[in-house]
Amino acid sequence: MTSREPLSSEAAHPSLAPPVARLIEQLHKLPGIGPKTAQRLAYYLIRMPAEEAAALAQAIGSVKEQTTLCGRCRNITEADPCRICADLARDQTVLCVVQEPLDVLAIERTGVYHGLYHVLHGVIDPMRNVGPEDLHIRDLLTRLTDEPITEVVLAMNPTVEGETTALYVRQLVAPLGHKVTRLARGLPVGGDLEYADDLTVARAFEGRQDF
Amino acid sequence: MELTSLSLTNFRSFRALELTLDRGLTVLAGENAQGKSNLLEAVYLLAIGKSQRAAVERELVSWEAAEAGGYAIVAATVRRAEDSVEIRLGLDCGGGRTNTVIKRIRVNGVPKRASDLVGVLSAVLFSASDIDLAYGAPQGRRRYLDVLLSQTSRRYVHGLQRYLRVLAQRNAVLRAMRDGRAGEDELAVWDPQLCEEGAAVLAARHEAFERLAPLATEAFERLAGTGPALALDYVATVRPIEPGAAPAPEAFAAALERSRRQERAAGMTLIGPHRDDIRLALGGVEVAKHASRGQARLVALALRLAEARLLAERRGDPPVILLDDILSELDERRRGLVLEEALGYPQVLLTTAELALVPPSGLAAARVLRVADAQVLEEVTA
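In the order they appear, the protein sequences are chains A and B.
The numbers in the working numbering rise by one with no breaks, and the one at position 66 of the first sequence is 66.
The numbers in the working numbering rise by one with no breaks, and the one at position 282 of the second sequence is 282.
It should be emphasised that the hints constitute simulated quantities derived from the structure, not laboratory data.
Ideal placement from N, C-alpha and C gives every residue a C-beta, glycine not left out.
Treat the hints with care, since some could be wrong.
Stated by the list, open to error - With beta-carbon atoms standing in for the labels, derived distance ranges:
id: 1; chain 1: A; residue 1: R185; chain 2: B; residue 2: R181; range: 24 to 34 Å
id: 2; chain 1: B; residue 1: A54; chain 2: A; residue 2: P81; range: 24 to 34 Å
id: 3; chain 1: B; residue 1: E242; chain 2: A; residue 2: H114; range: 21 to 31 Å
id: 4; chain 1: B; residue 1: R80; chain 2: A; residue 2: V112; range: 53 to 63 Å
id: 5; chain 1: B; residue 1: E257; chain 2: A; residue 2: V112; range: 53 to 63 Å
id: 6; chain 1: B; residue 1: G69; chain 2: A; residue 2: G177; range: 55 to 65 Å
id: 7; chain 1: A; residue 1: R185; chain 2: B; residue 2: R293; range: 44 to 54 Å
id: 8; chain 1: A; residue 1: G32; chain 2: B; residue 2: E257; range: 41 to 51 Å
id: 9; chain 1: A; residue 1: L172; chain 2: B; residue 2: S292; range: 19 to 29 Å
id: 10; chain 1: B; residue 1: R258; chain 2: A; residue 2: D197; range: 51 to 61 Å
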């Protein structure tokens with residue numbers, strides 16, 4: 001999230017009690033929360049029963065205290081190693097590389113994948129000064145030499161930055177001799193060919209399969 | 001295609017305007033600074049998704065509305081060859097942060113991205129500043145090609161966006177390398193995408209240019225009569241492997257390799273469609289350096305006429321023609337020629353400060369609207 005400018009004069013209006021103004025200011029820093037939404041949320045919180053508000057405050061406080069990055073996959077976890085890494089029933093030979101912790105959740109929800117993960121925590125993005133060394137790529141290479149992994153699945157988003165990051169990872173992984181695959185790109189299930197954008201249709205065509 | 005209605009809310013000087021529009025010629029007459037050009041700007045905004053002249057989009061929202069965190073809306077109904085669409089573009093200043101305008105676009109009520117709006121309505125704008133196409137920097141001529149191609153193919157819009165994105169990232173790496181903050185391996189990973197997207201942009205430009213160049217040459221001949229012919233040449237910074245063909249990704253990669261040293265020193269990517277140009281020459285003499293203003297003006301007109309023709313051919317549905325105050329700079333014969341050619345299209349919207357400049361043959365069948373102080377009134381013709 002990019003940093004935001006201080007709230008307009010409206011939020012710092014003298015009729016606002018300073019604690020309320022502070023709360024609005026903090027809420028406004030969250031992604032997707034504009035000034036109006038921040039105000040609405042603030043007044044909702046004020047009317048909340050005290051114990052609920054305390055529970056929310058505590059949840060926010062403890063999420064920073066009680067979570068850490070998994071020493072293996074770098075996903076956010078309470079216990080290290082995380083549940084997925086600790087689960088020996090999972091396929092230890094396949095490793096799926098994703099951008100963000102939320103991507104793990106998205107893939108887990110499908111129930112089709114039973115291998116391990118590695119979370120990069122971002123993509124290469126030079127315009128925002130994010131280079132390869134800012135991502136968990138070195139840890140990934142260490143895992144590939146230390147663990148019995150045979151296949152690496154690259155599951156970055158099909159954006160310009162995602163593609164480049166995938167390419168970068170592939171270049172580093174290739175000399176190690178692992179099989180490298182990537183997620184297919186194509187039409188959304190339940191979607192209509194007619195309404196898909198040209199690029200999606202083109203990619204789906206390029207990735208067509210025997211039937 | 002044609003606009004059947006146009007509605008403006010808080011758009012520049014227009015507080016609220018509802019206008020029904022007809023086929024054929026509509027003349028928007030009025031003194032300077034009354035809002036005539038703003039009307040054409042609004043139509044063109046719907047066609048290409050951005051203003052051709054506003055430096056910041058906040059300018060498009062009336063001052064009062066912008067100050068109050070309000071919004072402007074431009075909406076139109078467009079009758080096309082096979083259907084009719086409603087386009088609505090909102091410019092919202094209520095985002096909270098100063099000077100940001102959020103664009104909200106709906107086509108037939110369905111929200112769309114700005115890049116998916118381009119070409120829903122196709123239009124060609126002729127304006128006095130077109131002379132920059134002939135005289136100005138290459139950037140203007142690249143933009144001319146890009147706007148034209150964007151209106152013919154959505155794939156081009158998306159491809160160009162991706163190309164420019166890769167380019168910006170790659171330039172950031174080159175700058176970082178110059179400052180010792182990035183290594184060679186970080187640069188190389190951008191190259192495959194740069195070459196692939198860049199080659200696609202070049203292929204599309206090349207293909208369109210093959211048709212565009214003769215159209216412009218012919219249009220110039222009609223306007224200029226006898227005299228030196230207009231020749232157009234696409235000047236590519238990436239040379240194709242085979243003459244006459246568009247450069248493939250491999251040719252792009254090879255050219256990139258050759259420019260490594262210079263681009264490292266410059267801290268930016270020096271080859272690719274973002275550095276190309278269209279060279280314009282009259283009888284072998286470069287227009288940008290040696291043409292008279294009169295000649296340059298006719299060259300620019302020829303480029304616009306070619307643009308309109310190519311759009312009509314590619315879309316199978318002729319564009320709306322917008323003539324923004326171009327008559328005053330032409331002699332009587334050219335005024336007649338341009339208007340006659342424009343009237344070959346189903347709808348022409350023309351602004352002028354003086355009705356007398358409109359050739360009588362065109363004026364006879366025209367609807368005349370008087371624009372004064374951001375109000376539009378029907379002119380009662382005798």
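Each hint, compared with the structure:
{"no.": "1", "hint": "A:R185 with B:R181: 24 to 34 Å", "verdict": "holds, 32 Å"}
{"no.": "2", "hint": "B:A54 with A:P81: 24 to 34 Å", "verdict": "violated, 55 Å"}
{"no.": "3", "hint": "B:E242 with A:H114: 21 to 31 Å", "verdict": "violated, 50 Å"}
{"no.": "4", "hint": "B:R80 with A:V112: 53 to 63 Å", "verdict": "violated, 44 Å"}
{"no.": "5", "hint": "B:E257 with A:V112: 53 to 63 Å", "verdict": "violated, 42 Å"}
{"no.": "6", "hint": "B:G69 with A:G177: 55 to 65 Å", "verdict": "holds, 59 Å"}
{"no.": "7", "hint": "A:R185 with B:R293: 44 to 54 Å", "verdict": "holds, 51 Å"}
{"no.": "8", "hint": "A:G32 with B:E257: 41 to 51 Å", "verdict": "holds, 43 Å"}
{"no.": "9", "hint": "A:L172 with B:S292: 19 to 29 Å", "verdict": "violated, 60 Å"}
{"no.": "10", "hint": "B:R258 with A:D197: 51 to 61 Å", "verdict": "violated, 35 Å"}
Hints 2, 3, 4, 5, 9, 10, counting from the list given before, are not met by this structure.
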